Amino acid sequence: MKPNWKPYILSLIVLLILFPFIFMVLLSLSSSWRFPEVLPGYFGFKNWVTVLGSETGLLQSFIISTVISLSVGIVSTFSGFLISRAVFYHKKKGILTLFAYFPYVLAPVVFGACLSYFFLKMGLFGNVTGVIVAQFLIAFPYALIFFGSFWNKKIKSYEDLVATLGGTSQQTFFKVLLPLAKSMLLICFFQTFLISWFEYGLTSIIGVGKVQTLTIKVFLFIKEANYYYGALSCCLLIFPPVVLLYFNKRYVFKNLV
Amino acid sequence: MLIGVVPFFAAFIYALGYSFGLLGVLNNGFTTRFWQSVFESGEFLKSFGYSAAIAIVSLVLSIGGALWVTLKFRRELDKKFLSFMMYLPLAIPGVVAGFFMIQLFSKGGFFARIAFQMGLIEKTAQFPDLVNDSLAFGIIVTFITMLIPFFTLLFLNVYKNERIEELSILAHALGANANQVTRRVFLPIILKKTWVLIALYFIFLLGAYEVPLILGQESPQMLSVLIIRETHQFDLSKISEGYVVAVIYTIVVSITAILLFLPKQKNVYET
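Residue numbers (the numbering used here), protein chains in the order written: chain L, 1 to 257; chain Z, 1 to 271.
Honestly, I wouldn't trust all of these hints.
Subject to a maximum C-alpha distance of 35 Å in a straight line, what follows is the list of computed DSBU-like cross-link-like pairs (lysine-lysine) [unchecked claim]: (1) Z:Lys79 / Z:Lys193; (2) Z:Lys107 / L:Lys46; (3) Z:Lys160 / L:Lys154; (4) Z:Lys160 / L:Lys156; (5) L:Lys92 / Z:Lys107; (6) Z:Lys123 / L:Lys223.
I should point out that these hints are in silico values taken from the structure, not numbers from a laboratory.
Note that the structure is predicted; figures quoted are calculated from it, not measured.
All chains should be modelled from the sequences, with the hints used to inform the complete structure.
This is the structure in structure tokens:
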């Protein structure tokens, strides 16, 4: 009989997937882990207690990252939804959608480097507002492209039907379009939140080190060779997205193809 | 649309002006010497080739791996637990993946410790260079580990949406063997439905920043790292050369975006 090797391969895949998460948690609980020891000299909650004591500003970074990502997620999602409608009904929607792809495909860090002059002139350099605006500039095209698949002939027919039945444009928006787009709005919010949450290059250019989000902190700890705090920052960086993914996973890829 | 378009063109025009000496503290007027200097030094072409090679190798290996996983484990990955497991790596950003690879593959990292305990090495210097190395091993492995789960989920979704299972059964019924079904049904449909996203990911990898910044070497550098190094250096006279590279890179990705997305616009919303 042919041996069934699938369970072993699947177990290996699951182990490989879980390994980074487990490793990061263990590293964040460690200290005095010198070469060539396979296990750390200290294992406990010292690093986490230090963080809660805010000695390294990690808690502040977590709050700053959350504020920035929530702002970018909410503003990009709603503006993307509203503007994508105008784009869909426009005569030149093909060209307009193509324009949206330009900032989307360009590396954010290069975009930031070329835009930094304008941010400096507008007083948006090195502050949270500037970082939110900069991240919005890359999250908004994503939202615009994302909602492109929502507007179609069927939605237009619904809108026409409501108008025929005497509904106002406000009623159409709040009673028809918003309920229909609810799940897509949620997915888009998650996605734009994650774009902002994971962003490093653009934030480092526009924030010039003054806006210390979690990704900036991870880099600082790598530079300082403080791997324990680096791992702790990584844990704070990856666990909120894990929770979001859990809620998001049923919908994400349905809209990609 | 102005929100999206104006900053892009403003950034491009600024970079273009800087690259031709029309903007910038030390520049005095129109000149093409920065462009000549960039092409004469050859660093841009080297960096572009290096970035493209890394992107292609990472993509080919990732797509190959994801196709294999999809082909072999599609039924198992439908189960709730395994399905969620495949989503988990998407929660790891590039900066964390780079940090993790350093912890694993550096000379004082996890595998070096194991190699020492097993008696394979006696000191850290004997452990091979797997991060910040000339072959970009660390960068490629990181990209692959980030991309395989994404492409697997994508291919699984296409597999269901395009009803490849039913088409495969039909092909079998008509006398095709497993190999033919894979080559004539599975692969063409999957690749045809996803090639735009694959091309898009090539562009994303070409401009990747965090991972090559952590795991790359001094020279050659990937494009984004090179551009930021040049535009943020202390020697102000060299900044214009950084903007030359930024302009070329922007033109390349813009042309690619036009080629990818312009012809399809007519029918994309006709659902």
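Within a Cα-Cα threshold of 35 Å, do Lys160 (chain Z) and Lys156 (chain L) meet the stated pairing? Within the cut-off at roughly 28 Å; holds.
Assess, step by step, whether the Cα of Lys123 (chain Z) is no farther than 35 Å from the Cα of Lys223 (chain L), and give holds or violated. holds, 23 Å
Is Lys92 (chain L) close enough to Lys107 (chain Z), meaning Cα to Cα at most 35 Å? Between Lys92 (chain L) and Lys107 (chain Z) the Cα gap is close to 56 Å, so the pair fails against 35 Å, i.e. violated.
Check the hint pairing Lys79 (chain Z) with Lys193 (chain Z) against an upper bound of 35 Å on the C-alpha distance. holds, 24 Å
Taken at face value, is the distance from the CA of Lys46 (chain L) to the CA of Lys107 (chain Z) at most 35 Å? holds, 26 Å
For the pair we were handed, Lys160 (chain Z) and Lys154 (chain L), check the Cα-Cα distance against 35 Å. holds, 24 Å
Hint check: a violation occurs at hint 5 only; the rest are consistent with the structure.
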